[in-house]
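A.B. asks: From first to last, the protein sequence lines stand for chains A and B. According to the numbering used here, the first sequence holds residues 1339 to 1695 in order. According to the numbering used here, the second sequence holds residues 74 to 297 in order.
Source of the hints: derived by calculation from the structure; they are not laboratory data. A hint or two may mislead.
[To be verified] Computed list of lysine-lysine pairs in DSSO-like fashion (alpha-carbon distance at most 27 Å, straight line):
(1) A:Lys1613 with B:Lys127
(2) A:Lys1435 with A:Lys1480
(3) B:Lys288 with A:Lys1613
(4) A:Lys1405 with A:Lys1450
(5) B:Lys127 with B:Lys188
[Unchecked claim] Here's a subset of chain A near chain B, in silico, CB distances under 10 Å, partners left out:
(6) Gly1600
(7) Glu1601
(8) Lys1605
(9) Ile1608
(10) Gly1609
(11) Val1614
(12) Val1649
(13) Arg1652
(14) Met1656
(15) Glu1687
(16) Pro1688
No residue lacks a Cβ here, since even glycine has one placed at the ideal position from N, Cα and C.
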Amino acid sequence: MLVALLAVVIGATVFLGMGAVYYDIPRQMGREFRSYGANLVLVSSGGNSVLSLDDAKRAIALLPADKLVGASPFRFETMYYNRQGVTVVGADFTAVKKTSPYWQIQGEWPQKDDEILIGTDIAEHTRLYAGSFVTLDIVPPKGRKISKELRISGVVRTGGAEDGFVIMPMSGLEGIMGVPGTANVVEISIAASGEELSRFIEVLQAESQGITPRLVKRIAASETTVLSRLQVLVYLVTGIVLFLTMICVGTTMMTVVMERRGEIGLKKAIGAGNKVIIAEFMGESTILAFAGWLLGIISGYFFAQIVSMSVFSRGVEMPFVLVLLALVASFVVTLLASLIPVSMSTDVEPALVLRGE
Amino acid sequence: MNILKLNDVSMVYGSVRALQNVSFAVRPGEWVAIMGASGSGKTTMMNIVGCMNKATHGSVVLDGENLSRLNAGDLTAIRRDKIGLIFQQFYLISYLTAVENVMIAQYYHSVVDEKEAMQALERVGLAPRAKHLPHQLSGGEQQRLCIARALINYPRLILADEPTGNLDKANQNTVMDIFHQLHREGSTIIVVTHSPEVAAHAQRVLSLEFGRLVKDAPTQRLCA
Ligand SMILES: Nc1ncnc2c1ncn2[C@@H]1O[C@H](COP(=O)(O)OP(=O)(O)OP(=O)(O)O)[C@@H](O)[C@H]1O
Ligand SMILES: [Mg+2]
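Could you put the whole structure together from the sequences, leaning on the hints where they help?
C.D. replies: In structure tokens:
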């Protein structure tokens, strides 16, 4: 019976754990994918590569505010470090933290206009580190070379192109290069995918001026398929575990019935009918299901946290509906599993007690 | 009016003829012993009279009910209401105390009544051991417990298959004393036994041989 209880507990645990994660997957995965960066970018629609931030702002205003995770403009310029060309990016760090939360900073985010981040590749190459100063040369198309001493506040690692860039506050870059209020690209992270996202793009295309929206295809497309595949996986795992629980409970109950043949025969001999015997076993199954469920809630909660922590690095809530569903599931599984053993118990003949079996 | 009447009863298990054309009747209050060699069909007969098996042929009328016409549910009800069973192996439920083992028979019958169960234990001299589990009781005590359980619902008929088969002399006498007491109170008792000594307590002895009833005679009383 202890084995059966354990089986039910495990079944309920997996059911609740997987269920909680399942409920949370769309939400979690949405955020997760968003943290891989933008799923929509705005670029200039004219021949030039520069767009006006005012145009971009008007375009962004067309998107539903509650779905907008963040919008961050980037401006690319070239400067020189020891005569070597290096891409310097102007960025709005508050916006970057929203659209690209995966940026890992060693040191600190720039606070002032003359503070910069350097990509980890550059840091390795030049042996510069957070806290050191660096002089960058700017060669404007017309006029003299300017030199600017900047402080490295941190080293950034993204696994992407940023690792090879120097990144500084937009205002700082504007101060050096002039031409404020422009950007090369605005990255937008919006909590939408598939058709919804395409619809937003159509709206932007139709109603905004000076900018062209583009879908960041790779992530947006895979988001939906990964989601549905994960959900199928959860279904499968939960189904298999429940099935195994059922088999385990069933065989345990069967052993119990076999072991208690004498007792069942005796009870029948002293006047218990099949109904009473069935009721006794079903009562035990009910207790089993209930106890398994109760224990399963506790361990299922922790299981869900562990799974969610290791997969998504954040906890999950356990929806109340799920707890109720688990109760139904443990009852269905235990009662189904008890059907065969219980019908076996009705086959036990009272005559066996006189035979001394 | 007989409490039990077997008419031309046969029991066939495949090719084994465990009982062949057995007929006899038992009057209320009678104490009958059934004797016979091993395999002669004694337990088979008890199972039929005790409503646990149906005879393959013939009719059994118990307290006015024709058993061969009843279904399994009805037989269970008769077993519960009219019969007290005592076995050679003292079948007790190991995780229930003595008094609970008596009460479970009440439970299947109607309602539990601990006071009545205690009185039944008192009758067989087990009141002081009421809270003990079966394995804490001696063989004789276990058998007395079975008797208390068999008596709790005031059965019309007490069936005992080798009730003293696993008991020593002293315990056998205690059990026989209880049977005498029941007999005096008017219970009908059928006892299967190998022991002529036990059979001698009865008023009448039926002898089985190879499934046939070969002798039906009153006993000469050995003791008063
Ligand atoms: N369920 C059964 N299936 C087949 N044969 C059976 C069954 N029960 C009893 N028999 C056979 O019927 C015959 C009578 O058996 P029964 O148990 O009635 O004997 P018995 O007189 O009680 O013997 P013992 O003194 O050893 O208890 C035996 O040959 C036995 O093998
Ligand atoms: Mg026998």
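A.B. asks: Against each hint, give a clear statement of whether it holds in the structure.
C.D. replies: Each hint, compared with the structure:
| no. | hint | in the structure |
| --- | --- | --- |
| 1 | A:Lys1613 with B:Lys127 | holds, 20 Å |
| 2 | A:Lys1435 with A:Lys1480 | violated, 35 Å |
| 3 | B:Lys288 with A:Lys1613 | violated, 41 Å |
| 4 | A:Lys1405 with A:Lys1450 | violated, 31 Å |
| 5 | B:Lys127 with B:Lys188 | violated, 36 Å |
| 6 | Gly1600 | holds, 7 Å |
| 7 | Glu1601 | holds, 6 Å |
| 8 | Lys1605 | holds, 7 Å |
| 9 | Ile1608 | holds, 5 Å |
| 10 | Gly1609 | holds, 3 Å |
| 11 | Val1614 | holds, 6 Å |
| 12 | Val1649 | violated, 46 Å |
| 13 | Arg1652 | violated, 48 Å |
| 14 | Met1656 | violated, 37 Å |
| 15 | Glu1687 | holds, 7 Å |
| 16 | Pro1688 | holds, 5 Å |
Hints 2, 3, 4, 5, 12, 13, 14 from the earlier list are contradicted by this structure; the remaining hints agree with it.
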